[in-house]
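In case you want the letters, here they are:
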Amino acid sequence: MSNTKNIMIVGVGGQGTLLASRILGNAVIKAGYDVKVSEVHGMSQRGGSVTTYVKYGEEVFSPIIGKGEADIILAFEKLEALRALPFLKKGGKMIVNDQRINPMPVITGAMEYPEGILEELAEKTNLTAIDALKLAEEAGSVKAVNVVLIGLMAKNTALPYDLWVETVRETVPPKFLEINLKAFDLGYRS
Amino acid sequence: MTKYAENCIFNKIEDNNSKIGVITAGISYEYAKEALGNRVNYLKLGMVYPISADLLKKFAEGLDRVYVIEELDPVIEETCLAAGIPVIGKSAFTLLGEYTPAMIAKAVFDEEAPAGVSTDKQIPMRPPVLCPGCPHRGTFYVLKKLGLTVSGDIGCYTLGAVAPLASVDTTICMGASISAAHGMAAVRGGEFNKKLVSVIGDSTFMHSGITGLSDIVYTKGANTVIILDNSITGMTGHQDNPTTGKTIRGEATRQVDLIKLCQGLGVEHIRVADPFDVKAFEAAVKEEVERDDVSVIIAQRPCALLKSVKYTGHCEVSDKCKKCKVCMKLGCPAISVDQNGNVKIDRTQCNGCGLCVGVCPFHAIEKKD
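Protein chains in written order, with this note's numbering: chain A, 1 to 190; chain B, 1001 to 1369.
Honestly, the hints are just simulated from the structure, not real lab data. As the structure is a computational prediction, the values presented were derived from the model and not from experiment. Warning: the hint list may mix true and false statements.
Said to hold, decoys possible - As a list, the in silico BS3-like pairs of lysine-lysine whose alpha-carbon atoms are at most 27 Å apart:
hint, chain 1, residue 1, chain 2, residue 2
1, A, K93, B, K1121
2, A, K78, B, K1344
3, A, K78, B, K1121
4, B, K1329, A, K78
5, B, K1279, B, K1323
6, B, K1195, B, K1279
7, B, K1246, B, K1220
8, A, K124, A, K93
9, A, K36, B, K1044
10, B, K1144, B, K1012
11, B, K1019, B, K1121
12, A, K143, B, K1368
13, B, K1106, A, K36
14, B, K1307, A, K175
15, A, K36, B, K1012
Claimed, not checked - Derived contacts from chain B toward chain A, CB cut-off under 10 Å, selection only:
hint, residue
16, K1033
17, G1097
18, T1100
19, S1118
20, P1128
21, P1164
22, C1173
23, M1235
24, G1331
Backbone N, C-alpha and C fix where the C-beta goes; we use that ideal spot for every residue, glycine too.
With these hints in hand, go ahead and build the complete structure from the sequences.
Structure (structure tokens):
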């Protein structure tokens, strides 16, 4: 459906992509859209590549996003951004956390981590790169990287700021609410 | 039942005034709707067996072309053909894998998927790895160091087959770690058996390891079985099992005692060892493989992702590092070597489990708060 917004969240298992997709999914539900969220589980806690599809609009059918169909890709790691590149629409928005996490074939020396990823993405996409780790530390925890990135992504949607903040409040564990609200804000205003 | 299927409310016809029909069910309907929209008529089956031939005929009447869109085997398609309705199914789609809206649009309307953005760069795979703090890492580090043949099983610990741990030699099916090793020992003899262990998780052992172990005892085998007791069923997402003392719903229940269970099977040599106490664990394995009798080592340390497990702080490499890279043999995702050969520990990945601290021969890794 042409009026459907397609967002892909990609990253490395353990980075908190699933919580990020839950915040995003809850926010668009709250905004009154028909929503489908589809996660590639299993590898999520074990350092593998993880992908979540979030689709919202008047009526959403297929839960998956095909090549060339994503309006926004939110990448928690540079290599994963490059891996997801074929899924981005021509002229689509690429939001990348400027962080490098070496996969095991790079750690063991079997393969090289490609150089110049951000340069290539800047040339081929509508790119916003951000050091989310630094902002998360500023918010009070390196684990808040996911919420910093959701904050930055929120800015690229038509949903109002207050609705996002309310969703973050309802979705994250109460114990870490303050840190997460700060992280969201830092991402949103970056 | 067939009569019921004819008017069943879960079988819906969507008439969009088209000359093309699509018979489909489940997720394939969502893909078809996305790809074809209201340009075709749909028969969406909510109940796929039995299918009413009358319903199929009613839907197909007056249509120029009817597609059956279903993943894998042509079940609906063959039902249509048997009812004398000429449909297009696997000749236009595939028997293999999952369908996508793009392939349906291509097959029905010859529409191309949108061109994506491509890259020429070589992208390294990111295979799953044992988590930082995983208790199995200590076990496989020792088994690899001792150069043993490792008969593996199904669980997170199957990842012990992947470099750099590269320790697990066989994975067949649940329970096969024990029974396959039993067979290897029987064929290859006693000396080979002294270089052979089975590894099986606590819940897989409960599922299908007990019979194999009892058979080794019964047939006077001398295998060494390592039960990787991480206090949970890890890979499938932390389900409780008979060894955890909780039901699948989390209620308290009677708990299987692995030691008593193995004793009951007739195993006389059973010991518990902590795989993070690398030296003691190595000594235990060496001793048990040498033994001319069946033995069980319970490698006990809980899964690092359990809420009750609270590793704190992080590990750091000090200037005592001699770049020997022994720590790299652990295959910990937090540890890597930079272009200059310096070992780095990524704070965002490290959970402070401290396994690397004990492995470093130069005491160059320190635990920090």
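**Report entry** Those earlier numbered hints the structure runs against, lowest number first
**Finding:** 7, 10, 11, 17 and 22
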